[in-house]
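A.B. asks: So the chains spell out like this:
There are 2 protein chains.
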Amino acid sequence: MAESIKVTLPDSEIPRQWYNLQADLPTPLAPPLHPGTRQPIGPAELAAIFPMNLIEQEVSRERWIDIPEPILERLLTYRPTPLIRARALEKALGTPARIYYKHEGVSPPGSHKPNTALAQAYYNKAFGTKHLTTETGAGQWGSALAYACQQFGLDCKVFMVRISFDQKPFRKLMMQTWGATCIASPSTETAAGRAILEKTPDTPGSLGIAISEAIEAAVTHEGTKYSLGSVLNHVLMHQTIIGLEAQKQMALINAYPDVVIGCAGGGSNFAGIAFPFVRDKIHGKNISIIATEPAACPTMTRAPYVYDFGDTAGTTPLLPMHSLGHTFVPPPVHAGGLRYHGMAPLVSRTILDKLVEPRSYHQLECYANALLWAKTEGFIPAPETAHAITGAIEEAKRAKEEGKEKTILLCWSGHGLMDLTGYDAYLSGKLHDYEYPDADIKAALETLKDFPKP
Amino acid sequence: MAESIKVTLPDSEIPRQWYNLQADLPTPLAPPLHPGTRQPIGPAELAAIFPMNLIEQEVSRERWIDIPEPILERLLTYRPTPLIRARALEKALGTPARIYYKHEGVSPPGSHKPNTALAQAYYNKAFGTKHLTTETGAGQWGSALAYACQQFGLDCKVFMVRISFDQKPFRKLMMQTWGATCIASPSTETAAGRAILEKTPDTPGSLGIAISEAIEAAVTHEGTKYSLGSVLNHVLMHQTIIGLEAQKQMALINAYPDVVIGCAGGGSNFAGIAFPFVRDKIHGKNISIIATEPAACPTMTRAPYVYDFGDTAGTTPLLPMHSLGHTFVPPPVHAGGLRYHGMAPLVSRTILDKLVEPRSYHQLECYANALLWAKTEGFIPAPETAHAITGAIEEAKRAKEEGKEKTILLCWSGHGLMDLTGYDAYLSGKLHDYEYPDADIKAALETLKDFPKP
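First to last, the sequence lines map onto chains A and B. Residue 125 in our numbering sits at position 125 of the first sequence, and the numbers go up by one each step. Residue 110 in our numbering sits at position 110 of the second sequence, and the numbers go up by one each step.
Hints may contain errors.
Since the list gives no way to pick out one identical chain from another, each pair is judged satisfied if it fits inside one copy or across any two copies.
[Unchecked claim] Straight-line alpha carbon distances no greater than 25 Å define the calculated PhoX-like cross-link-like pairs of lysine-lysine that follow:
id	residue 1	residue 2
1	400	453
2	397	453
3	406	354
4	248	6
5	406	130
6	91	406
7	91	125
8	406	442
In short, the hints are calculated from the structure, not lab data.
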């Protein structure tokens, strides 16, 4: 008899509260600083760009926060997501490890991103916001917010990094299909964009530039707020539904992971799967929690913990985080969602407190593993997801060497059906790895030398 | 409390047998005829292109056929698929009808096609086949077979209709990612392809031409067989797992559909959801079963029941079916999977026997409904799926007029994430509808005038 490989959770078992790691952190987060005065800022000063109900979540230290019914209703469209045992991969690896993956690719835009997009659209709508602006790199976040805004009747404008805008026209079409406007960044719609275009008309753009534009568009237009798809505390909290579901699913089969693995760009996907387990670890559970990133953008593994801006133009508050410097332009690896100079303050904190272990991988290895995954498990992963897969395969191979029956849980953050050009480039031998010399990282960090230290 | 909308079936409840409608047909199928002699052909004569184990299924009248364990193992990757109540759509329509959809978009290639691709790859492997050839239009079938062949260690070559090959490069990349070779048809690899290229070097190709090429490539190469993604009895049977799961899921919530709806190109998706319910109807159940198609390719609604070839070159056996004539070239509607001149003999038979009611819709109406679906239910449907959605919306509106609490079940055959150019064309006002005058249909059928009648 073919064995069960999926652990499905009925709709009635969907978690009804998010988990807020701030309640359990051994070391509280350092406060964000005003970009001008460099003094700690409070909720009121964030109100120009975010609605107050989300700001309250950003600073809350409540452990559990209720998920409002209208958000739950929408989450049920695709959640609870299945937890699947990767038996075919285990077999191919000849590992005694049991590998489980939480399949976040089943959502309408194909990734975990709508978990927070739906929440942010809901709270903005409740607050009275009419329009939301945001930035997107590879397009996962922009399309998730487009979908969520349409669900709650908000206008949505997405500034998409030009190189992705040109290379991934389908992502733009996806946003349009959900009623959003998507424009290439830098654009002529903002002062920040125009300034950059004047100096470098051929720039491929960057996430940092797109953030600057989206924030400017929000603060200069009536009834408009800004939405960020990662990094911030409330965004990470909205993603914890992933790990909370996984805990329930693991309990259903009387299992508990020895290792939890997620990929981290801004940190939201990783936080989503990991933070409920970080809580267990704080309370004494013996568990290894691994965050994976591209070696070409080694924020967690090689960057210092500093105060830095979230965007290139330096308009956001200064956040305490691991950062390569806000002027750092990551090389063009295909995992666009992991090409970010900083790391969420909460994830940075868990690394400092040795609750989380970061690892980095080169893209050629990640593509090889992504193809092994597609061959064995069938689903084609996003290039970001390939970094989590690579971590899991490394652990599974280690388990084989050690002869240990480990249980590995990985977050399969999204499918790669919109990212097939990366696979094509890999298969045609056109991809290579990027080394980032220490001297270059040091240079990028020079700009921060006068910033306060967290 | 947010209400449950999904009915999930645990892995242990996956159906372990396919349902074969041939066992229950009130009128047995007329036999296929030899393309040369035009005499009924038996299993042996199909052996040049198909393995004998699949030929046995093709002609079997056993009601239930066991699904081999290795196929079940792979099906469990994405099956049982969720049955979801489209509450948001119901609300938008203000209908008293309950609309349930069977979400086949959750498979690795994003449609129902792997249900038979996995089975065909398995049986070919068991038979000793080394290479499989096939054709694909929009690419759903080609990518499903690529995935399935890789699962069972077979080589796969896909002849893709040139216009789709050029317009949908991502589909080709998907096949390559799963290790298959995908080439534009007509190609120079076959005599059939070369002959057409000589006469019309700029031809956009057609499904009929691609079938001719794939069959030629199979019969002229050692260890190579041909695989078809629809039309044939065994292909339709492999899809019945959809309807069998839906029956179990409906039973879990003490429901039974008043109306079952699927879209039909070659007929496999429709058969998949419908045939288990056709069986109930044969046994007296009062249920309406609707097959929907494009008005631009009105095989079921306007074509006669005849003997005709499955391909353009006239190399397949003559099949008893509704057909617009094998030389009919459907207008370029975006629902590529529904652009086929014929209809599966089994589906044709259920229409003749008044077990199934066919309906046709124009593409502008289908796109409008697909956008309403995306706005309410979130998931972006394939253009083919939009035809099933349109049938469901028509029924839901009728239920509203009549004040009836109908239960509608539709097969959501696949997602449209690889078909976004169609949405773009619709949103930019570039699409129009196609009328096919009776005279043109009559002319296309002229070529069949000397063929035997079923």
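A.B. asks: Are the hints correct? Go through all of them and say.
C.D. replies: Do the hints match the structure? See the list:
1. 400 with 453: For residue 400 and residue 453, neither the intra-copy (43 Å) nor the inter-copy (65 Å) Cα distance is at most 25 Å.
2. 397 with 453: The answer is neither: 40 Å in one copy and 63 Å across copies each exceed 25 Å.
3. 406 with 354: The answer is within: 21 Å in one copy meets 25 Å, while 58 Å across copies does not.
4. 248 with 6: Answer is both; intra-copy 13 Å and inter-copy 18 Å each pass.
5. 406 with 130: neither (49 Å within a copy, 37 Å between copies)
6. 91 with 406: Intra 14 Å, inter 47 Å, cutoff 25 Å: intra-copy only.
7. 91 with 125: Between copies only: 20 Å across, 48 Å inside.
8. 406 with 442: neither (39 Å within a copy, 68 Å between copies)
In this structure, the hints that do not hold are numbers 1, 2, 5 and 8, in rising order.
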